[in-house]
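Student: The residues making up each chain are set out below.
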Amino acid sequence: MPMLEKTSLKKTSLALATTLAGLTMTGQAQANEVEVLHWWTSGGEARAANVLKDLMEAEGYGWEDFAVAGGGGETAMTVLKSRAMSGNPPSAAQIKGPEIQEWGELGLLGSLNDVAEAEDWDALLPDVVADIMQYGGEYVAVPANVHRVNWLWANPEVLDDAGVEMPTTLDELFDAGEAIRAAGYIPLAHGGQAWQDATIFESVVIGSQGGEFYQRAFVDLDPEALGGERMVDALEDFKRLRELMDDGMSGRDWNIATGMVIDGEAAMQMMGDWAKGEFTARGLTAGEDYLCAPAPGTEDVFAFNIDSLAMFRVNDEEELEAQQALARLVLEPTFQEAFNLAKGSIPARPDLDMSEFDSCAQQSLSDFQRTAEEGGLVPSMAHGMAVRADIQGAIFDVVTNYFNDDDMQAEEAAERLVNAAEAASF
Amino acid sequence: MKNPSKARVGHPAPRASTLGGLQAWLPRLVLAPSVAISLFFVYGFMLWTFILSLTSSRMLPSYDFVGFGQYARLMQNDRWWVASTNLMIFGSLFVVICLVIGVLLAMLLDQKIRQEGALRTIYLYPMALSFIVTGVVWKWLLNPSLGIQAMVRSWGFESFRFDWLVDSDMVIYTLVIAAVWQASGFVMALFLAGLRGIDDSIIKAAQLDGASLPRVYWRVVMPCLRPVVFSAVMILAHIAIKSFDLVVALTGGGPGYASDLPATFMYAHAFNRAQIGLGSASAMLMLGGVLAILIPYLYSELRSRRHG
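Protein chains in written order, with the working numbering: chain S, 1 to 426; chain L, 1001 to 1308.
In isolation and in its complexed conformation, chain S is listed as follows (with noise of 0.2 Å):
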């Protein structure tokens, strides 16, 4: 017995020490590698990440995985600000719009104005792309793809039974609705959640009052906008969607509201394009089995949501040409067309040949570039493009409670939207 207790303890305690000596090992990037944290972990993003791999290693880099599980990337967040705050950053970061900057500020982002300069990233993208990517004017981060957030999916078999046409405005969407409903479905899909709520309400604001209000209102914080009779319109606007929804949809997640309308139980969803891999995932085809358009009012508006990876500062110098390595590659049109096609968005370069791609993604570049030279390409502020995240948080908080509260007035909401903006942070 007490031999065996002896060898069982030194094993116990040799494992504890190769445990130890991993995790200090672990977390380093060695020289000539780079750590990527990112949070593209299901099936066909865990894929295009891979691609990013591949084509690393192909040119002699390592690549250390630092995926952390979690849909909107929160646990990843603070697994990243832990990491940082010990002082010891991966390489490079799934971080995206105003928080880019908020790194910046922090001093812990590193320029990558050579690899921009060397590909001529000016000219490749568009400049509000560019803006989000730079922190005091150099380039700190490098765009994987875009999404457009404001789409209407439709499911045509039940628009068809119902005898409507996709609806073009607000107006018709709610007609549609009463006819829908009247035909024995729910009109419109919905999870209500808060950032979904906020997503559809940012698709409302903008088919309703228009890009340009939109950007007064939640890009500037403009409290005449936010405050303003206008808003009260777009809130009333968007609580009349309810009428639309069905009672089960609280806490709902997207992906099963995606569900009902492919099972034909809804008539629409509005959503961001990641819903498209729900219809593929099932194998149905854009535009036959399964309808996109812009979010009803909003054709010449497209509201983005841009992935990108920020750069942390290295000293090392083989670390630093691994970085910048990255930097290229994710730019490249290989990447951007594996990653893009696997997740439904478009490539952040409007370069690329798109016939590979769905009518829905080839619609969506076309709007893309169509807005960015007429001026309708707005950033999200449901998705953390427009504001930063404790005056995002605020804004949330009033429209899922004004959204949900059958006794709140829209004047009352306009109020504390006006608050939200102002009040958020020191």
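Bear in mind the hints are in silico, worked out from the structure with no lab data behind them. Ideal placement from N, C-alpha and C gives every residue a C-beta, glycine not left out. Incorrect hints may have been included.
[What the hints assert, rightly or not] To give an idea of the interface, some chain L residues facing chain S are shown, with a C-beta separation under 8 Å as derived from the structure: (1) L1146; (2) I1148; (3) S1154; (4) G1156; (5) S1159; (6) D1163; (7) G1256.
Position chain L relative to chain S; hints supplied.
Tutor: Same frame as chain S, but now just chain L:
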């Protein structure tokens, strides 16, 4: 010099000083690391949270002090008040209903019935589940288009309504339902143990005096169970304050933020919304809530020990 009497106790015979000294010091030596670790990782971090709650920290901790500004912001935050009110409603209903059901079940089981062991296991078993499981199951049961409402309607009662889960005024009570379902069996077990610990002769004496069974329970048994009630309230109250997983699984805080609790509020702000300062302030207020329950408990414990 400081404590001569203690030193005398530790060294009964001056000659055995080395061994005796070691013996006196050994327990302290062994305990020292764990005490140090607890001090640092529990109280040290509490202190750190308090310090952070006085700063303007957003995404990462910073030490730009703003006094009690974060607390002032918290007081103006509508969502915080919803969360606090919810905790009051949820906490009080949860504790009271669990106690009532637990006591009743325990008294019924105490009537020397057959298969008591099996019944006890059935009632106690929910406690073995995680709150996440409880939350998910009740989420399905309470969903108006999937669960109880849909079932009753399919039986032909078309006007039946049970949609608390999606009603912002009623959703907090669905948390109470699920939490009571989970914890009342545990309270029953506590009381059953308490009941079994009561000296039979007192009850016999009461019965000889002609007291009826309800009267025996009310006048004799319940007063004997006071310490059990006290422990049960302590445990239930702290389950209520730390409730987080149940909300996340059952309602996700929704609809809107109607079923938010301070714990979910704190998590959302400190970790998802880059508001570490505000989150820390709310955490300190939660700590205050726990202390408000703990201090009277410790006080009464210490007092009863002195008297006993």
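Student: Under the criterion of a CB-CB separation shorter than 8 Å, is S1154/L in contact with chain S as hinted?
Tutor: Violated - the Cβ of S1154/L stays beyond 8 Å from chain S, reaching only about 15 Å at its closest.
Student: Once the shortest beta carbon distance from L1146/L to chain S is found, is it less than 8 Å?
Tutor: Constraint on L1146/L satisfied, holds at 6 Å.
Student: With chain S as the partner, please determine if D1163/L meets the hint condition of a C-beta pair closer than 8 Å.
Tutor: At about 6 Å, which falls below the 8 Å cut-off, the nearest Cβ of chain S leaves the hint on D1163/L intact, so it holds.
Student: Holds or violated: the hint that S1159/L contacts chain S, with Cβ atoms closer than 8 Å.
Tutor: violated, 14 Å
Student: The hint names G1256/L as touching chain S; please verify it with the least Cβ-Cβ distance against 8 Å.
Tutor: This interface hint holds because 4 Å falls under the 8 Å limit.
Student: Grab the minimum C-beta distance from G1156/L to chain S and call the hint holds if it beats 8 Å, violated otherwise.
Tutor: Interface hint status for G1156/L: violated (19 Å vs cutoff 8 Å).
Student: Against chain S, is I1148/L within 8 Å by beta-carbon distance?
Tutor: Check failed: Cβ of I1148/L comes no nearer than 12 Å to chain S, outside 8 Å.
In terms of the numbered hints stated before, the structure departs from hints 2, 3, 4, 5, listed from lowest to highest.
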